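Q: Taking the hints into account, I'd like the entire structure generated from these sequences.
Residue numbers (the working numbering), protein chains in the order written: chain A, 39 to 151; chain B, 67 to 181.
Since the hints were made in silico from the structure, they are not lab data.
It cannot be assumed that every hint is accurate.
[Unchecked claim] The calculated label-pair distances, taken between Cβ atoms and stated as ranges, are:
hint: 1; chain 1: A; residue 1: 41; chain 2: B; residue 2: 117; range: 19 to 29 Å
hint: 2; chain 1: A; residue 1: 89; chain 2: B; residue 2: 178; range: 35 to 45 Å
hint: 3; chain 1: A; residue 1: 112; chain 2: B; residue 2: 106; range: 24 to 34 Å
hint: 4; chain 1: B; residue 1: 106; chain 2: A; residue 2: 41; range: 17 to 27 Å
hint: 5; chain 1: A; residue 1: 112; chain 2: B; residue 2: 111; range: 16 to 26 Å
Computed from a predicted model, the values in this text were never measured in an experiment.
Here a beta-carbon is modelled for each residue, glycine too, at the ideal position from N, C-alpha and C.
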Amino acid sequence: DTGVSQNPRHKITKRGQNVTFRCDPISEHNRLYWYRQTLGQGPEFLTYFQNEAQLEKSRLLSDRFSAERPKGSFSTLEIQRTEQGDSAMYLCASSLATNQPQHFGDGTRLSIL
Amino acid sequence: AQSVTQLGSHVSVSEGALVLLRCNYSSSVPPYLFWYVQYPNQGLQLLLKYTSAATLVKGINGFEAEFKKSETSFHLTKPSAHMSDAAEYFCAVSGGLNQGGKLIFGQGTELSVKP
Chain A
39 DTGVSQNPRH KITKRGQNVT FRCDPISEHN RLYWYRQTLG QGPEFLTYFQ NEAQLEKSRL
99 LSDRFSAERP KGSFSTLEIQ RTEQGDSAMY LCASSLATNQ PQHFGDGTRL SIL
Chain B
67 AQSVTQLGSH VSVSEGALVL LRCNYSSSVP PYLFWYVQYP NQGLQLLLKY TSAATLVKGI
127 NGFEAEFKKS ETSFHLTKPS AHMSDAAEYF CAVSGGLNQG GKLIFGQGTE LSVKP
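A: So this is what it looks like as structure tokens:
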């Protein structure tokens, strides 16, 4: 069990640029979740996958956000035309099944200049 | 809809004192409840989980939590605080089988431990 890995750890970009984050879940976990956490708040759900299928997207996930999980392995989260309000910590988690504990990565901190 | 309320955004205790972090939940279905801890610039680490078995749940690092259905509470306790317990603590409820198991988090409680 090597844990959930997220890259990069930090991303600084100018407003209007596109960014992409990667998450590598624990290998046998078929569920993968993305959350967003702003300063002083708890994480908020964005989307989740069961294997390669994206089964739910939060209303927080605007059209500028897209997530993929090709072949049910790693996942990417892309933000197009970044805005100041996108500055946050983006957390990825994986689990074996519904209602099983989710294991979190260390997150990607996004800063928009 | 499910929700979680953590009473007290900041709790301060002395080293060796009792730690009590409060969590109340709202759920229309039997809930799965979790406590996570987050250290600065890190992800969340699972402390313990309630999954409808024993109402008193023991977790890592000496923490435990008691599920009280009548009070819709799941408070986290530790008999004796240690300096290394200083961190942010989050209570979460699972969205249930028909919601894919997504977690709904409280706003967090920052625990400070004074020497």
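Q: Could you run down the list of hints and mark each one as holding or not?
A: Results for each hint:
In this structure the hint that residue 41 of chain A and residue 117 of chain B lie 19 to 29 Å apart at CB holds, the actual value being about 22 Å. Checking the proposed 35 to 45 Å range against residue 89 of chain A and residue 178 of chain B shows it holds: the Cβ atoms sit about 42 Å from each other. Judged by the Cβ atoms, the range 24 to 34 Å given for residue 112 of chain A and residue 106 of chain B holds: they are separated by roughly 26 Å. A hinted range of 17 to 27 Å for the beta carbons of residue 106 of chain B and residue 41 of chain A is consistent with their spacing of about 18 Å.
For residue 112 of chain A and residue 111 of chain B, the Cβ-Cβ distance of about 22 Å falls inside the hinted range of 16 to 26 Å, so the restraint holds.
In this structure, every one of the numbered hints holds.
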